[in-house]
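Trainee: Sequence:
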Amino acid sequence: MLRSLVHKGVPAPKPLAFFRTNHANFVSHKVSLISIHFPPRIPTRTYATYRKFQGSTAQLVDLGSIVKNRYFAYFSVACVAFYVYNLDEAPFTHRYRFLWVPFWLERKIGDYSYSQIMRQYQHQLAPRQDPAYAQITRVMNKLLESAISNTLDPAQAAHLKSLNWDINIIRAPEQPPNAFILPNGKIFIFSLILPICQNEDGLATVLAHELSHQLAHHSLEQMGKQPIYVMLSTLLYAATGISGFNDLLIAGFLQMPASREMELEADRIGCELMARLCYNVHEAVKFWARMEAFEGKAAQRGAVFTEFLSTHPNTHKRVADISLWMPELESIREASDCYQWGMFQEVNRNFFGR
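Residue numbers for the sequence shown, in full-length UniProt numbering: 1 to 354.
Calculated from the structure, these hints are not laboratory results.
Don't take every hint at face value.
Below, simulated DMTMM-like cross-link-like pairs (lysine to aspartate or glutamate); rule was C-alpha separation at most 25 angstroms, straight line [stated by the list, open to error]: (1) K108 with D153; (2) K225 with E106; (3) K286 with D247; (4) K286 with E328; (5) K297 with E283; (6) K286 with E334; (7) K161 with E145; (8) K286 with D201; (9) K297 with E263; (10) K317 with E292; (11) K317 with E200.
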């Protein structure tokens with residue numbers, strides 16, 4: 001560079017002070033300057049880099065090499081094998097779902113939920129002398145006897161027999177009409193739902209639906225999906241940096257549709273249990289119609305009762321679905337020889353006499 005400037009007639013710059021010792025010293029330092037200005041060529045990267053703020057370079061992750069890694073392939077095959085091995089067929093509906101959580105953990109969670117509910121409502125439990133207990137016990141004994149005798153899974157039958165079944169009626173008029181059965185066999189019925197049932201067929205509609213959740217192990221299915229939801233939420237957060245909106249997407253497109261599917265499946269299984277026991281399945285349609293009317297009145301009063309069904313299908317849709325199933329349910333009822341259904345009056349086991 002200096003040589004080209006001199007050749008063109010441009011006067012060379014004066015040497016720096018520390019170069020004035022002698023010409024040889026200047027030449028040596030000049031060579032040093034030239035070597036500094038012209039470093040060796042560095043190979044160019046063939047892939048993009050991600051730089052954080054303030055110019056700091058993040059550690060690179062080559063996804064292509066990970067996918068091609070044999071250990072990743074082994075892990076993928078193991079995950080697929082684990083998924084296939086834990087596929088389970090739901091009773092009655094024959095829907096395949098992924099169940100990997102063991103029964104004992106489901107029961108432990110039921111025990112924990114039971115202690116929490118009893119602590120909250122211990123002063124609002126109806127006395128055991130309440131006539132509703134006898135009617136609920138009679139219906140539940142029939143449903144359990146039918147569920148055990150019709151199951152094709154010996155482990156399922158043994159599981160149902162091993163549970164310590166118990167009924168609790170909660171007198172809480174401020175709570176919405178509700179009923180549920182915990183995985184450990186504890187049954188809770190909020191008193192506001194009893195007038196909506198009106199008769200034993202209506203009560204069987206509610207109890208058969210709740211028992212169906214336990215027969216299909218819907219709580220296990222929900223627990224098994226939680227790691228998937230967490231993983232998806234983490235990936236979305238890593239991609240967008242937003243948490244609340246991502247959780248809303250996962251709930252709206254995955255969790256709530258899955259919950260509604262389980263509710264409809266419980267309706268289907270419950271109606272079939274009713275038909276096998278010669279209950280009037282048409283009363284199930286009437287029950288949900290009364291529930292829909294109650295929800296409408298509650299909404300007019302500005303009450304929050306309808307929030308109970310926020311993860312449930314629309315009640316009008318439930319009525320339509322049960323009406324659609326009615327021909328098949330009537331066939332099941334006729335096949336059960338309901339004109340001679342005295343055998344169902346006295347069941348072989350009292351599940352609540354422990």
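Trainee: Confirm or reject each hint.
Mentor: Structure-based check of each hint:
no., hint, verdict
1, K108 with D153, "holds, 22 angstroms"
2, K225 with E106, "holds, 14 angstroms"
3, K286 with D247, "violated, 37 angstroms"
4, K286 with E328, "holds, 18 angstroms"
5, K297 with E283, "holds, 21 angstroms"
6, K286 with E334, "holds, 21 angstroms"
7, K161 with E145, "holds, 10 angstroms"
8, K286 with D201, "holds, 10 angstroms"
9, K297 with E263, "holds, 23 angstroms"
10, K317 with E292, "holds, 10 angstroms"
11, K317 with E200, "holds, 23 angstroms"
Consistency with the previously given hints fails for number 3 only.
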